[in-house]
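A.B. asks: Spelled out, the chains give:
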Amino acid sequence: MRTCHPLSIAIAAAALGIGLPAGAKTFRWSSASDIPTWDIHSQNNALGNGVHAAVYESLFYYNKKFELEPVLATGYRQLSATQLRITLRQGVRFHDGAVFDADDAKFSLERAMAKTSNYGVYTQGIDHIVKVDDYTIDVFTKGPNPVLLRQMTELRMMDKDWAEKNKSAEPKDIKTKEENFAHRNANGTGPFMLKSWDQDVRLVLVRNPNWWGKLEGNVTEIVYTPIKSEATRIAALLSGEVDMVLDPSPADLARLRASSALKVVDGAENRTIFFGMDQFRDELPGSNVKGRNPLKDLRVRKALYQAIDIQTLNRVTMRGLSQPTGALISPQVNGWTRRADARWPYDVTAARRLLAEAGYPQGFEVDFACPNNRYINDEEICQSVAAMWAKIGVKAKLRTLPLVTYFPMIQRYEGSIYMLGWGVPTFDALYTLQSLVRSVGAQGDGNYNVGRYSNPQMDALVERIKAEVDQKTRNQLIEQALLLSHQDVSHIPLHNQVIPWAMKRNIDLYHRADNRIDMRAVKVN
Amino acid sequence: MLPFILRRLAQAVIVMLTVAFIAFMLFQYVGDPVTNLLGQDATPEQRTQLRADLGLDQPFPVQFAAFVGNAMRGEFGLSLRQGRKVSSLIVERFPATLELAFCAALLALIFGIPMGVYAALRRGNFLAQALMTFSLLGVSLPTFLIGILLILVFAVTFKVLPSFGRGETIAIGAWTTGLLTPDGWKHLILPSVTLCIFQLTLIMRLVRAEMLEVLRTDYIKFARARGLSDRSVYFGHALKNTLVPVITITGLQLGSLIAFAIITETVFQWPGMGLLFIQAVQFADIPVMAAYLCLIALIFVVINLAVDLLYFAVDPRLRIERAAVGH
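Read top to bottom, the protein sequences are chains C and P.
For the record, in the first sequence the residue sitting at position 7 is 7 according to our numbering, with numbers rising by one throughout.
For the record, in the second sequence the residue sitting at position 79 is 79 according to our numbering, with numbers rising by one throughout.
This is chain C alone, in the form it adopts within the complex (with noise of 0.2 Å):
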């Protein structure tokens, strides 16, 4: 809290690589796009999150080996089922010299909380903090929350000092018409500090000297240039002018792991795509089936699952870039077993019974809506998928949407088969059963159920996976939610994204599960 160094000379000090180890270490990345904005608590965007966390800490975060590791806190005590008490570190600074503490640590998660912030998911089930001293709070949850620790990586900590004094104590509203100072500007405690920052062109961080950790990796300067065109940002990796591309498209990667300069590292991202299935309304638009819905029959559902050819799926359209999955989670998510990851097995015969016990002998039509620039080969797997379906009979009629038109599309029920991909954030399967498989409602639940599936027993499992303590009780819960919708199809889940990154090959990090680069660990040798 109390300003003790001004920024300018700590940057001063780190731009003139005073006090840092010999010689300076430029790590240069390239994406698609930007980050939103740098007010951590304004755009719950995945990229965003991923830089950020090299600027602003929070309390815990997650180690090389997807642990939860303390990070700001030093420790925490679950004093009864709805308070922990969290203790804070001491001696650490924001880059402009105010020390944090434990106002602080309470401003920033009340403001994460604000109604302008994006990070309620994040935030859900705090009910409010209190600080204990200057190194100790309490956070009070309206129920037993489980997840809370896992909810607390992505709350990034923030001077309140600085915020209040530019005028910056309120999220960046995307509503007003006034620019928000911490939108353009960053002061965390993070290994590294914001040193310009020209969105959709250039975003330099430099080494924070006065960093309290132990640095893993050696870079002491940081450039991120988004660059839009996939041709262009791999012939920026190929010619040297940066050192790795976190989104090289799958067609390059052959060439890309041939090039001796070079390596890919590839990567299961904990994101898992799907087909959703409308089980809600009677009848389907654009269907030839009039005055019922096929979707709706447990038998067609699975028909469309068995028809899959999954292996070759993998194998032909993905390149191999896919783990088959029969979970909506990923093996990373905690709540993932083997045995909720078994397939329905491949088998047209068994598909094509099943149909004519539902009624549809010959098949029928129906919609089938697909983004084409949202996952990696999105549009490509739906046709390979609609080509599988017609050997039965069903002729998906396939649509291909953008992304912006596509995502209010399914928002407003209107895919009668639609595709989506899952990934979790906190790495919990809650978040992707709340989100997918329990019944339309308030507060989040089935908040992206668009088929609409509904079955009393899953929202009753959700709900005791909600509140469940006791670690082990609660993993069985979620295994028993997952093998009730594998049991309902309640969705067709196709497989893990794989991601690779392309780097060269002096550069070394190691990748993560939700496909963000630890700063602390990147070197260039």
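In short, the hints are calculated from the structure, not lab data.
A hint or two may mislead.
As the list claims (entries may be wrong) - With a cut-off of at most 20 Å between alpha-carbon atoms, the simulated PhoX-like pairs for lysine-lysine come out as follows:
1) LYS65/C / LYS523/C
2) LYS85/P / LYS167/C
3) LYS25/C / LYS523/C
4) LYS159/P / LYS504/C
5) LYS302/C / LYS397/C
6) LYS106/C / LYS165/C
Values in this document were obtained by computation on a predicted structure and should not be read as measured data.
Given chain C's structure and the hints, the job is docking chain P onto it.
C.D. replies: Here is chain P on its own, set in the frame of chain C:
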């Protein structure tokens, strides 16, 4: 003169309104920014609320009227994607596009005119034929392909020129320029070459055709009869008369250079207005798209007006004919 200008201005206003209207109609189909703004976790209530707050639930005429009213005052609101004033975004991006467009226009003139003259004078010889073939390529190859080919050759294979961005820029007041640093110049080469190829070939073909036409006229024959040197005939008399339509076309094409820089800017990640527009389209950032389209329409209208006025001043026949009709 004055009625002519007034008439033209009235037409310009109608054009602007039409563009604004069509643009605005298109926005009904580009999608909904609300999903992008709120992220995947938002509840339906939050989405409805935001849609109402942004005025997106209003009927079309109301939205349009509000938009035109604000646009008159130069107020396009806040970018949904960047959270900053659209006007300041455009002011920031405009220099990059303008520098690129001017460099491309300049290159097109400097190379296009001599090449056209050469192709006309040495019709049939090998080099002239080669130039004509090249110009066909230039007219028919799509811009993005030229850009990517240039990147492949000069950035990836030979590593002599940068593949993206504007490089180091220097700010002079609100204007950022890349023309004052060697790095900026290096970054400018590939994009401006890419952007100029179409214009260059167009000018070259135009000059050649006009030149051939002029060379057949009587006064060239008389000039030769007077015993003037080839040089004086070709460059003193023929070329001068050729240039009138060339100047008109170049003026008009400047507008398209600015507007169609979109593709070049996307390929080279050139931080100009075109790139801003493309990014806005992907996000359904309506205020930015609207402002961009209106600005481009305005540029075209202004250039057209200026060209018309120039015509009026330059070509005496126009005035005489009008006078004759009037009486």
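A.B. asks: Evaluate each hint against the coordinates.
C.D. replies: Now the hints, each set against the structure:
1. Under the criterion of a C-alpha separation no larger than 20 Å, the hint pairing LYS65/C with LYS523/C is consistent with the structure, at around 18 Å.
2. Among the hinted pairs, LYS85/P with LYS167/C is consistent with the structure: their alpha-carbon atoms are about 18 Å apart, no more than 20 Å.
3. The straight-line distance between the Cα atoms of LYS25/C and LYS523/C is roughly 9 Å, inside the 20 Å bound, and the hint therefore holds.
4. This hinted pair checks out: LYS159/P and LYS504/C have alpha carbons roughly 16 Å apart, not beyond 20 Å.
5. Of the supplied pair hints, the one linking LYS302/C and LYS397/C holds, its CA atoms being roughly 19 Å apart against a limit of 20 Å.
6. Taken as a hint, the LYS106/C and LYS165/C pair is honoured in the structure, with Cα atoms around 17 Å apart against an allowance of 20 Å.
In summary, the structure agrees with every hint in the numbered list given earlier.
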